[in-house]
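> Start from chain A and add chain B according to the hints.
Chains as they are written, first to last, in the working numbering: chain A, 1 to 472; chain B, 1 to 97.
Since the hints were made in silico from the structure, they are not lab data. One or more of the hints may lead you astray.
[To be verified] For each label pair, taking beta carbons as the anchor points, the in silico distance ranges come out as:
#1 A:ASN331 x B:ARG74: 26 to 36 Å
#2 B:LYS11 x A:GLU387: 40 to 50 Å
#3 A:ASN331 x B:SER48: 47 to 57 Å
#4 B:GLU65 x A:GLN29: 42 to 52 Å
#5 B:ASP22 x A:ASN331: 12 to 22 Å
#6 A:ARG284 x B:ASP77: 37 to 47 Å
#7 B:GLY49 x A:GLU239: 25 to 35 Å
#8 A:GLN333 x B:ASN61: 40 to 50 Å
#9 B:ASP70 x A:ASN386: 40 to 50 Å
#10 B:THR54 x A:GLU387: 19 to 29 Å
#11 A:SER2 x B:ARG94: 34 to 44 Å
[What the hints assert, rightly or not] Result set (SDA-like, lysine to any residue): computed pairs, CA atoms no more than 20 Å apart in a straight line:
#12 A:LYS60 x A:ASP22
#13 A:LYS242 x A:GLU111
#14 A:LYS60 x A:GLU109
#15 A:LYS380 x A:SER294
#16 A:LYS345 x B:TYR38
#17 A:LYS12 x A:VAL65
#18 A:LYS406 x A:GLN38
#19 A:LYS256 x A:LEU472
#20 A:LYS341 x B:ILE25
#21 A:LYS341 x B:ARG94
#22 A:LYS94 x B:ARG80
#23 B:LYS91 x A:GLU111
#24 A:LYS380 x A:GLU262
#25 A:LYS406 x A:GLY444
#26 B:LYS93 x A:GLN323
#27 A:LYS341 x B:ALA82
#28 A:LYS380 x B:THR54
#29 B:LYS51 x A:ARG372
#30 A:LYS274 x A:LYS34
#31 A:LYS380 x B:ASP46
#32 B:LYS91 x A:ASN334
#33 B:LYS51 x A:ALA11
#34 A:LYS215 x A:ALA7
#35 A:LYS256 x A:ALA286
#36 A:LYS380 x B:TYR38
#37 B:LYS91 x A:ARG324
#38 B:LYS84 x A:GLN333
#39 A:LYS406 x A:LEU161
#40 A:LYS34 x A:MET136
Ideal Cβ positions, reconstructed from N, Cα and C, are used throughout, including at glycine.
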Amino acid sequence: MSWLPIADIAAKVQAGDLHAVDLVEQALQAIADKASYQAIIATTAGRARERAAAIDARIKNGEKVGRLAGVPFIAKDNFLVFGAETTAASNILKGFNAPYQSTAIERLEAEGAICVAKANLDAFAHGSSTENSDFMTTKNPHDDTRVPGGSSGGSAAAVALDLVPFALGTDTGGSIRLPASFTGTVGYKPTYGLVSRSGVVAMASSTDVIGPLTKTVEDAAVVLDVMAGTDPLDSTTIERDKASYTDLQTDLTGKKIGVITEYMAEGLQDGVRKQIEQAIDTLRAAGADVTEVSLPSLPLALAVYYIICPAEVSSNLSRYDGQRYGFSDENVQNLEESFSKTRAKGFGSEAKRRIMIGTYVLSSGYYYAYYRKAQTVRTKLINEMNEAFQNVDYLLGPTAPMTAFKIGENAHDPLQMYLTDIMTVAVSLVGNPAISIPAGESDGLPVGLQLMAPAHADRALLSVAKATEAIL
Amino acid sequence: MAELTREDVLKLARLARLDLSDEEIETFRKEISEVLQYVAQLDNVDVSGLKPTTQVTGLTNVMREDEVIDYGIRPADLMRLAPKTQDGQIKVKRMIG
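Isolated chain B, as found in the complex:
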C-alpha cells in the first residue's frame, strides 16, 4: 500500500474535514505516497518482544482535586473570541439539512 489513489485521498480529506481543491488532491496523492514509501522501511524491522511507547515521562495517573480554581478568566473573555455568538452562546450553522 504505497501508491494512493484519488479516492483514497478524497476519503482522507473527508475524514480530516478538509475541502481540498483538485490540484491539492493530486499533489497530496503524490507526496503522501512518497512519504509512505519512505516510512515503509519500518516494515521489516524486528520488534518481537517490544511494547509500543505512548509516552516517555514514566508518569501514571497524575491526579488532582476536582475543584474550581479561579485563573481570572471570565466566560465573556472566551466568548469574545468566537466568530459568532448570540445570547451568550456560540452560534453555529445548522447541522442537519
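Only chain A is shown next, with the shape it has when bound in the complex:
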C-alpha cells in the first residue's frame, strides 16, 4: 500500500482522521511483509508505538502536534536514535546503544514524525551497493538479484517498497543520489552544512551531508525544511533560508539548464543516455533554456575523492579502538594489541581498505604528493563549477552511468565499484546541492536524472526538480 503525501498524512492525523498508532502498525507490517529485501537492520517498534500513542493522546486533548504528526520514517543505521542500537552496519559498533540522539532525528520527532526502524547500509557508508554491510546485502525492489545502490541502499529500498513515506540517508560522494537512481526514488543532497550532522556516524567530514529519500520532490522539501538550519552542536552548520523550502516556484520558462558534456560522454549505458536525452527534450518543450556546458576537470573528481575520502575516513575511524564503546577483543596481552586486534576483527574489508589508503596518503613523505594535491585540484573543480553557474542556473546529467547492477558483479573489484560514483562525487567535493529524480526506466530498471545548483540555492533546486518531475 502506498502512502499519501507527507503533509496530507500529518494533516489527517492532526484532524483525527488518521491515527499515529495505525500508521506505525502499517509501517511495521510492511517491514515484516518485505523482510526478504533485507532493507532493515532492526525496528524501533517499542519506542515507535509509545510515541504514536502519546501523539494520538495529545490530539485527543486538543493539542497541536507538529507538521509531521504521526508520519513514520526509517533512519539509515548511522543516525543515533536515543536508546536504539546504532551499528552503521558494522561489527565494531554492534551492541552500541545510542546514549544521545542526532539533531536531525530530534528535529523530525519534535514535529511529530516517528522513527520505526534503522536501515541497512554499506558499513560506515563505505560503498555503492550495500554489499559492504557487515550484516547483509539489501535487494533492489525492482529486481531482487540486483543491488539497490549505496551506501543508503536500505533507506532507498525502504521508500521504494512503501515501508514508510520517507527515509533518511547520508551522502558523502553520492550515497543518497545513487540508491535513489537505482530504486526509482527521489534523493536529495542539500548544500554542505545545511543540516546538522551531530549524532551521525562520521565518514568524510568535509563532504558528509544528511538528506531525505522520498517518493516525490515535495516530500523531500518538507523533510528538508524541518531538518535545515544551524545547530550549536555542529559548528559546520550554515544559516538556512528564512522562507520555507516547501515554498517552490515551478515555472520552467526561461530557466537556464546546462547539460554537462563530460557526463554525456562515452561510458554511459545506452538506456541511460536515451532516458536522459528524452528528459532534456521534454525540458526544452516545457520552455527551459537548455544548453551544453563543459567542465573539463570533472573527470578528475573521482581521483580527488578517492584521496580525500579515505584520508578523512582513516582519521574519523581512528576513534574505534575498543576501549570506550563497541566491540573489544578480549584475547590480548597489552593495549597496543587490544587496538590492533579489535580493529582487525571489528572492521570489514572496505573500512580497512579505506583506512589503509587514507593512512598512506596522509603519511609523511606522501602528504604533499597525494592529499595536498587532491585538495588543490578540488579548488580547481570548485572554481570550474562556480564559473559554469555564471552562465546557467542549474547543471544536469545522469546520476549514474548505469542502472542497478547484479549483486556480486563488482564485489571483487574495488576500483570498478568506485567508478559507480563518477557522476556524483564532483558536486560533493564542491559542496553544492544536488538531487536525483526518477527519469523512466531502461530494461525495467529505474534511471536517475541528476540536477545541481549553486551553494545555498536549495529552494531553487527543489523548485526546478519538482517542475521536472511533473513533466517526466
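What follows is chain B alone, placed relative to chain A:
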C-alpha cells in the same frame, strides 16, 4: 610510487593499528597499488596559483561560550557502553611491558 611492497603495507597497518592477516596484506598490497595508479592522473594537473580547499562552508572560527550545558546525559550512561570498567573508570590493558 605506484606498486607497494609487503613492507609498505605492514608499515601502514602498524600506523593504522590494524592486525592484518597475511592474506589481507597481499590483497591490500595489490588493491591499494591499483587505486594509487588510478589517482596518479592528478600528478600532471596544473594547479599553479591555486590554494588547497580544506572546507567549503566559508565559516571561520565558530565560537561559543565556554559553559556547561546539561543535555540530560549522565556519566554513568556513557560508562555503561565501555567494555570494561572499574570504580567508575574505564579499564584498559597495561600499556608497557
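> Look at each hint and say if it fits the structure.
So, going through the hints one by one against the coordinates:
{"no.": "1", "hint": "A:ASN331 x B:ARG74: 26 to 36 Å", "result": "holds, 32 Å"}
{"no.": "2", "hint": "B:LYS11 x A:GLU387: 40 to 50 Å", "result": "holds, 42 Å"}
{"no.": "3", "hint": "A:ASN331 x B:SER48: 47 to 57 Å", "result": "holds, 54 Å"}
{"no.": "4", "hint": "B:GLU65 x A:GLN29: 42 to 52 Å", "result": "holds, 48 Å"}
{"no.": "5", "hint": "B:ASP22 x A:ASN331: 12 to 22 Å", "result": "holds, 19 Å"}
{"no.": "6", "hint": "A:ARG284 x B:ASP77: 37 to 47 Å", "result": "violated, 58 Å"}
{"no.": "7", "hint": "B:GLY49 x A:GLU239: 25 to 35 Å", "result": "holds, 31 Å"}
{"no.": "8", "hint": "A:GLN333 x B:ASN61: 40 to 50 Å", "result": "holds, 45 Å"}
{"no.": "9", "hint": "B:ASP70 x A:ASN386: 40 to 50 Å", "result": "holds, 43 Å"}
{"no.": "10", "hint": "B:THR54 x A:GLU387: 19 to 29 Å", "result": "holds, 21 Å"}
{"no.": "11", "hint": "A:SER2 x B:ARG94: 34 to 44 Å", "result": "violated, 59 Å"}
{"no.": "12", "hint": "A:LYS60 x A:ASP22", "result": "holds, 15 Å"}
{"no.": "13", "hint": "A:LYS242 x A:GLU111", "result": "holds, 18 Å"}
{"no.": "14", "hint": "A:LYS60 x A:GLU109", "result": "holds, 19 Å"}
{"no.": "15", "hint": "A:LYS380 x A:SER294", "result": "holds, 14 Å"}
{"no.": "16", "hint": "A:LYS345 x B:TYR38", "result": "violated, 29 Å"}
{"no.": "17", "hint": "A:LYS12 x A:VAL65", "result": "holds, 12 Å"}
{"no.": "18", "hint": "A:LYS406 x A:GLN38", "result": "holds, 16 Å"}
{"no.": "19", "hint": "A:LYS256 x A:LEU472", "result": "holds, 18 Å"}
{"no.": "20", "hint": "A:LYS341 x B:ILE25", "result": "holds, 15 Å"}
{"no.": "21", "hint": "A:LYS341 x B:ARG94", "result": "holds, 15 Å"}
{"no.": "22", "hint": "A:LYS94 x B:ARG80", "result": "holds, 15 Å"}
{"no.": "23", "hint": "B:LYS91 x A:GLU111", "result": "violated, 41 Å"}
{"no.": "24", "hint": "A:LYS380 x A:GLU262", "result": "holds, 16 Å"}
{"no.": "25", "hint": "A:LYS406 x A:GLY444", "result": "holds, 14 Å"}
{"no.": "26", "hint": "B:LYS93 x A:GLN323", "result": "holds, 9 Å"}
{"no.": "27", "hint": "A:LYS341 x B:ALA82", "result": "holds, 17 Å"}
{"no.": "28", "hint": "A:LYS380 x B:THR54", "result": "holds, 13 Å"}
{"no.": "29", "hint": "B:LYS51 x A:ARG372", "result": "holds, 9 Å"}
{"no.": "30", "hint": "A:LYS274 x A:LYS34", "result": "violated, 32 Å"}
{"no.": "31", "hint": "A:LYS380 x B:ASP46", "result": "holds, 9 Å"}
{"no.": "32", "hint": "B:LYS91 x A:ASN334", "result": "holds, 12 Å"}
{"no.": "33", "hint": "B:LYS51 x A:ALA11", "result": "violated, 51 Å"}
{"no.": "34", "hint": "A:LYS215 x A:ALA7", "result": "holds, 13 Å"}
{"no.": "35", "hint": "A:LYS256 x A:ALA286", "result": "holds, 12 Å"}
{"no.": "36", "hint": "A:LYS380 x B:TYR38", "result": "holds, 19 Å"}
{"no.": "37", "hint": "B:LYS91 x A:ARG324", "result": "holds, 9 Å"}
{"no.": "38", "hint": "B:LYS84 x A:GLN333", "result": "holds, 15 Å"}
{"no.": "39", "hint": "A:LYS406 x A:LEU161", "result": "holds, 19 Å"}
{"no.": "40", "hint": "A:LYS34 x A:MET136", "result": "holds, 15 Å"}
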